[in-house]
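Those protein sequences? They're chains A and B, same order as listed. Throughout the first sequence, residue numbering follows our numbering, covering 824 to 1293 in sequence. Throughout the second sequence, residue numbering follows our numbering, covering 1242 to 1718 in sequence.
Take the hints with a grain of salt, since some may be wrong.
Short derived list, chain B residues pointing at chain A, Cβ under 10 angstroms [said to hold, decoys possible]:
| # | residue |
| --- | --- |
| 1 | 1438 |
| 2 | 1443 |
| 3 | 1450 |
| 4 | 1457 |
| 5 | 1565 |
| 6 | 1566 |
| 7 | 1573 |
| 8 | 1649 |
| 9 | 1651 |
| 10 | 1652 |
| 11 | 1654 |
| 12 | 1657 |
| 13 | 1660 |
| 14 | 1664 |
| 15 | 1665 |
| 16 | 1667 |
Simulated from the structure, these hints should not be mistaken for lab results. No experiment lies behind these values; they were computed from the predicted model shown. Built from N, CA and C at the ideal position, the CB exists for glycine as well.
For reference, the chains in residue letters:
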Amino acid sequence: MVSRRNFLGRAGAVTAAVSAAAVSKVAMAALPEPVTQHSPDTMPPLVPERGRPYNPVVTLNGWTLPWRMNNGVKEFHLVAEPVVREMAPGFKAHLWGYNGQSPGPTIEVVEGDRVRVFVTNKLPEHTTVHWHGQRLPNGMDGVGGLTQPAIQPGKTFVYEFVARRPGTFMYHPHADEMVQMAMGMMGFWITHPKQKHPLIDEVDRDFVFLLNAYDIDPGAYTPKVMTMLDFNLWSWNSRVFPGIDTLNVRKNDKVRIRIGNLTMTNHPIHLHGHEFAVTGTDGGPTPKGTRWLEVTTDVAVGQMRQIEFRADEEGDWAFHCHKSHHTMNAMGHGVPTMIGVDHREVVSKITQLVPDYMVMGERGMADMAEMPMPLPDNTVPMMSGAGPFGSVEMGGMFTVLKVRRDQKPGDYGDPGWFDHPAGTVAYEWTGALATPARDRDPGRSAMPARNRPAREIEVQVRKPDRHGPH
Amino acid sequence: MTTPRHACAAAARGLPLVLASLALAGCASFSPDGGFDTVEQVAQERLGKDVVWARTAENQNRIDTRVAELLTRPLTVDDAVQVALLNNKGLQARFFELGIGEAELVQASRLPNPGISFGRLKRGDEIELERGYHLNLARLLAMPLVRQVEERRFAQTRGVVTLQLLSLASEARKAYFNAVAAEETVRYRRQVQQAAEAGAELARRMAEVGNFNKLQRLREQGFYADATLGMARAEHAALASRERLTRLMGLWGPQTRFQLPERLPDLPEAPTDQPEIERAALAQRLDVQGAKLAAEQTAKSLGLTRTTRFVNVLELGRAHNSSNEAPTQTGWELGLELPLFDWGGARVARAEAVYMQALSRAAETAVNARSEVREAYGAYRSAWDIARHHRDELVPLRQRIAEENVLRYNGMLIGVFELLAAARSQIAGVNACIESLRDFWLAQADLEMALIGKPGLSGAALALGSSPAAGDVGADH
Chain A
824 MVSRRNFLGR AGAVTAAVSA AAVSKVAMAA LPEPVTQHSP DTMPPLVPER GRPYNPVVTL
884 NGWTLPWRMN NGVKEFHLVA EPVVREMAPG FKAHLWGYNG QSPGPTIEVV EGDRVRVFVT
944 NKLPEHTTVH WHGQRLPNGM DGVGGLTQPA IQPGKTFVYE FVARRPGTFM YHPHADEMVQ
1004 MAMGMMGFWI THPKQKHPLI DEVDRDFVFL LNAYDIDPGA YTPKVMTMLD FNLWSWNSRV
1064 FPGIDTLNVR KNDKVRIRIG NLTMTNHPIH LHGHEFAVTG TDGGPTPKGT RWLEVTTDVA
1124 VGQMRQIEFR ADEEGDWAFH CHKSHHTMNA MGHGVPTMIG VDHREVVSKI TQLVPDYMVM
1184 GERGMADMAE MPMPLPDNTV PMMSGAGPFG SVEMGGMFTV LKVRRDQKPG DYGDPGWFDH
1244 PAGTVAYEWT GALATPARDR DPGRSAMPAR NRPAREIEVQ VRKPDRHGPH
Chain B
1242 MTTPRHACAA AARGLPLVLA SLALAGCASF SPDGGFDTVE QVAQERLGKD VVWARTAENQ
1302 NRIDTRVAEL LTRPLTVDDA VQVALLNNKG LQARFFELGI GEAELVQASR LPNPGISFGR
1362 LKRGDEIELE RGYHLNLARL LAMPLVRQVE ERRFAQTRGV VTLQLLSLAS EARKAYFNAV
1422 AAEETVRYRR QVQQAAEAGA ELARRMAEVG NFNKLQRLRE QGFYADATLG MARAEHAALA
1482 SRERLTRLMG LWGPQTRFQL PERLPDLPEA PTDQPEIERA ALAQRLDVQG AKLAAEQTAK
1542 SLGLTRTTRF VNVLELGRAH NSSNEAPTQT GWELGLELPL FDWGGARVAR AEAVYMQALS
1602 RAAETAVNAR SEVREAYGAY RSAWDIARHH RDELVPLRQR IAEENVLRYN GMLIGVFELL
1662 AAARSQIAGV NACIESLRDF WLAQADLEMA LIGKPGLSGA ALALGSSPAA GDVGADH
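Isolated chain A (complex conformation) (with noise of 0.2 angstroms):
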């Protein structure tokens, strides 16, 4: 949970080059308290206690950063340092985030607060605080070199402007940018409308999360930085599935989720069992007559997207990237298609060198996720997750929104597995089937075939054979 620990207490336990003495003593009880967030559960919402009020978010597998109130302005305290994020059970990486996670603790400020952010950096080298999509002074945006020196390590620098307009933003460094956001330095910044805005509904559930990617190779801790786009680990806050946790919803609730990416490719986010609408991009509140209903939403490359839908149909709702190998874990992009190759006899003869060795992918590669096999140390395998019904067989960005009649509000916790009415879950036919008509002429009138081949080819439709001798 939330501590409230000592910064410099904190100190000797954190891994960086840095030393805690680098940090004036002095200089440090000025500041506010550095909160440090040791689980990465979903953290309950940080409903404001001073300050204007507002309908607090809440930060799949993260948590939202304390402020003090100074003189009517709200001050935070980031701390840029080199963390341990358990990505999924058993499997924890070596990344850089802020205050003890990564991504970071999201900050929720209102319309029209003035904002004063310390960051302390206890990395090894240097770094800075570009706020993406804010409106500020430009000597506020954190781009290293171009706006401002960048921060040393041990020194802290002070940010401050106003949050003029409400929306969804994020923060990431501005300096070495490619290796800090490939170690996971980033976070979600939330403005909240003052009052009552036209554009902007009131909601019952604001789920936030980033897109983020990671090449860490099985068994190793830390990402590889100058991976491009072949990454193996697609997360949500730096979480894969079954890491991740569910969204937990009331029936009828109207729920906003708002999703940022800061990966290198784009991620289609489909729900589903509802469609819902692009509510807000990282301009602010789209208009009403640009809204239209989907049940993907593309995501692009640095983007905000911030969907709305009522959540009215009970059960357990896949919700994810529709980029199929997003939703695996770290698997070998160079395995070749064992499907339909008969591994009768070389079974044995591998058997013999390879004592351990098991036949995989002749049918598929669902066996990977129903035999549970030794992996190396520090992975999950690359398809996991146990649904009521059998392995859900996904990695990586995907999750579950679960409504429920009986979500008490303001209730996050897990509800447990949907219970199906009767007669409402897909069922084996028993009964008799008749031979499906085919048609043999294929293009018969659109556009005729003129040079067929040779030889006809004909594409056998091979059956899977579950009980074939091996």
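Based on the hints, put chain B in the right spot on chain A.
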């Protein structure tokens, strides 16, 4: 050199001639062992092995029985050496050189045949009968020298035969390790081939159902083809090394079906530390001893040349002349060369040169022996270190890499072909370990040989035995 002969030679010089000639005649006979005792003794002391000279049918039977008995079980290295020492026909042929040498020695020890001269002279009515018994005294006087030459040659023959025996033992030892290692290599090569075969078969089936294209399939086929080639080479190497051992052990017919153990002996826990190795080698090495002996003997022959240079043609005879007209004349007759033109200086100079040559040879032999034994010990130490490194570092490392690869295969991070490639590489690592162990045993055989005679150092072979580095089978996920 056996004592009775030596005593004989001394006696020949000191005693009156007749006695001397009798004594000489008395010791010019064959020894019961034919000079074999020395050889047998060396085999016992240095190798702990028996040797039998198949001079009689009984001896040959002993050999055959013993060899048959040794061949009933998988051969140890000592068995192999024992069989070679008993059964190698080349060595037996060498033993007969002892017989030849001894015969020559005996020949040289025999007294020259005395001569008789008989003359009948007539002068008018006078008939003179002249009878003379003469003995080539020079030859008699020179006999010790000739004997010494022959003895030296005989000693040399014994030395050569002994060295041949030791060298055969060393060769047999090395051939044994080579043969065992080669058979082990064949087993591992077969496993590599199996892995490649499984890959090729799988690739064929992949191509059959359309998952692989021709290129991918042919690549896997290529591994298999290479592995088959490697297998054929290994089988040939195994055959050749086994045949070499067979030849050294002198086996033929059904005997060639002798069994070898499946594995080389384990690496000793620690290498032998031998700080005094040079001294030991100088004390023990037969070639060093031989060179020393040769120098001593040339020294003796130099002395002899000096003392006998004037007395080189000396004739002694007993004259017995009778005449029908006069009393019988008897007396001694001695002929002596006058050293007017040849004072023997050239012969002395030659003998001195020969002596100095022998001294230099002895010095060279000693220097070489020291160096060879150092080299052999260095090779032995390195071979031990390398073999231990293979056993304790490389093989476990490859084993762990293989295990990690299985885990990565489990997680579908690598495919079956990478797994098979890793398995092949792991097997190659095991094979390299076997080769390093073989090299150690070869180096040890060389070292043992270097301590007793001139070794046939196989040190350069150590540099071979290449193997891919441990980390090269990492698979990209």
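Tested hints:
| no. | hint | in the structure |
| --- | --- | --- |
| 1 | 1438 | holds, 7 angstroms |
| 2 | 1443 | holds, 5 angstroms |
| 3 | 1450 | holds, 4 angstroms |
| 4 | 1457 | holds, 8 angstroms |
| 5 | 1565 | violated, 112 angstroms |
| 6 | 1566 | violated, 115 angstroms |
| 7 | 1573 | violated, 97 angstroms |
| 8 | 1649 | holds, 6 angstroms |
| 9 | 1651 | holds, 4 angstroms |
| 10 | 1652 | holds, 4 angstroms |
| 11 | 1654 | holds, 4 angstroms |
| 12 | 1657 | holds, 7 angstroms |
| 13 | 1660 | holds, 6 angstroms |
| 14 | 1664 | holds, 4 angstroms |
| 15 | 1665 | holds, 8 angstroms |
| 16 | 1667 | holds, 8 angstroms |
Checked against the numbered hints above, the structure breaks hints 5, 6 and 7 and satisfies the rest.
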